[in-house]
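For what it's worth, our numbering labels the leading residue of the sequence shown as 3, then goes sequentially.
In case anyone wonders, no lab produced these hints; they're calculated from the structure.
Incorrect hints may appear among the rest.
What the hints assert, rightly or not - Quick list of in silico lysine-lysine cross-link-like pairs, DSS-like style, CA-CA up to 25 Å: (1) Lys-253 x Lys-240; (2) Lys-78 x Lys-90; (3) Lys-253 x Lys-78; (4) Lys-271 x Lys-255; (5) Lys-271 x Lys-240; (6) Lys-253 x Lys-271; (7) Lys-96 x Lys-142; (8) Lys-245 x Lys-271; (9) Lys-96 x Lys-151; (10) Lys-245 x Lys-255.
Claimed, not checked - Distance ranges between label pairs, derived from CB positions: (11) Asp-54 x Ala-209: 27 to 37 Å; (12) Val-21 x Ala-226: 51 to 61 Å; (13) Arg-248 x Asp-75: 25 to 35 Å.
In this text, a Cβ means the ideal position worked out from N, Cα and C, and glycines have one as well.
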Amino acid sequence: MADTKQEYDGLGLVETQTVELFQSGFEFESGVRFGPITVAYETYGTLNEARDNAILVCHALSGGAHAAGWHEDQRKPGWWDTMIGPGKSFDTNKYFVVSSSCIGSCYGTSGPASIDPETGKPYGLRFPMVTIRDMVEVQKGLVDFLGIKSLLCVAGGSMGGMQVLEWTVSHPECVRSAIPIATTWRHSAQQIAFNEVARQAVIADPAWNQGDYYDSEGPRLGLAVGRMVGHITYLSDKGMEAKFGRRLRGKEKYGYDLSIDFEVESYLKHQ
């Protein structure tokens with residue numbers, strides 16, 4: 003991936019767009035009704051006359067609508083820029099690629115950081131809990147808004163891959179092909195446990211403030227620990243052994259203190 007605009011020859015500058023959907027309300031899988039929903043999205047390429055060349059890409063946990071190209075104020079291109087653009091795997095000379103921020107995200111689509119018009123403050127924990135199915139149903143609303151009846155492909159990795167699988171189950175008539183990457187159709191008991199540890203790390207941070215932390219820096223320490231837990235789960239035991247082993251980080255012997263000794267510790271701290 004190019005680190006500077008000078009090295010870059012892809013899509014160039016792009017803009018995130020927003021649209022309000024579900025004016026009469028969106029029903030979450032939990033049964034809670036909420037709306038309208040603001041959806042942030044980007045498109046790359048041109049939708050053909052037959053409207054049958056559309057590809058939907060779904061982001062992972064920390065991604066957003068900005069999948070490719072540059073934003074004027076950013077140093078690096080979108081999260082899947084190596085895949086999307088002229089002559090790339092998702093060739094924008096042939097395909098119309100759509101990317102949106104998931105419901106509940108902090109990148110423009112309605113979520114806990116959105117302002118509650120009744121209070122003038124962010125919803126925080128008052129925002130409905132979000133499931134993968136909710137994410138997909140909001141994406142379906144966006145696809146309908148764009149006038150796309152059938153998607154040539156839905157693709158994504160990790161949490162994005164879960165959305166891909168949900169698309170094939172909930173809307174098989176709308177999906178001609180699917181590319182789920184590094185994902186699963188359900189979490190194991192161990193993965194649920196890891197996620198709970200990460201969640202509790204955030205909640206235990208005093209700056210969590212019952213989810214009402216939008217006037218402060220927020221639970222940065224708790225999020226950092228939670229992110230470390232997450233990054234343990236992103237690699238298998240064999241993968242971590244191959245990548246790090248027991249190699250020391252920039253030293254020849256143990257420090258016998260609380261400083262970083264091992265490469266794997268440095269990896270977690272970097273996250």
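So, going through the hints one by one against the coordinates:
no., hint, verdict
1, Lys-253 x Lys-240, "holds (24 Å)"
2, Lys-78 x Lys-90, "holds (18 Å)"
3, Lys-253 x Lys-78, "violated (32 Å)"
4, Lys-271 x Lys-255, "holds (20 Å)"
5, Lys-271 x Lys-240, "holds (20 Å)"
6, Lys-253 x Lys-271, "holds (17 Å)"
7, Lys-96 x Lys-142, "holds (22 Å)"
8, Lys-245 x Lys-271, "holds (16 Å)"
9, Lys-96 x Lys-151, "holds (18 Å)"
10, Lys-245 x Lys-255, "holds (20 Å)"
11, Asp-54 x Ala-209: 27 to 37 Å, "violated (49 Å)"
12, Val-21 x Ala-226: 51 to 61 Å, "violated (34 Å)"
13, Arg-248 x Asp-75: 25 to 35 Å, "violated (42 Å)"
The structure fails hints 3, 11, 12 and 13 (numbered hints given earlier, in ascending order).
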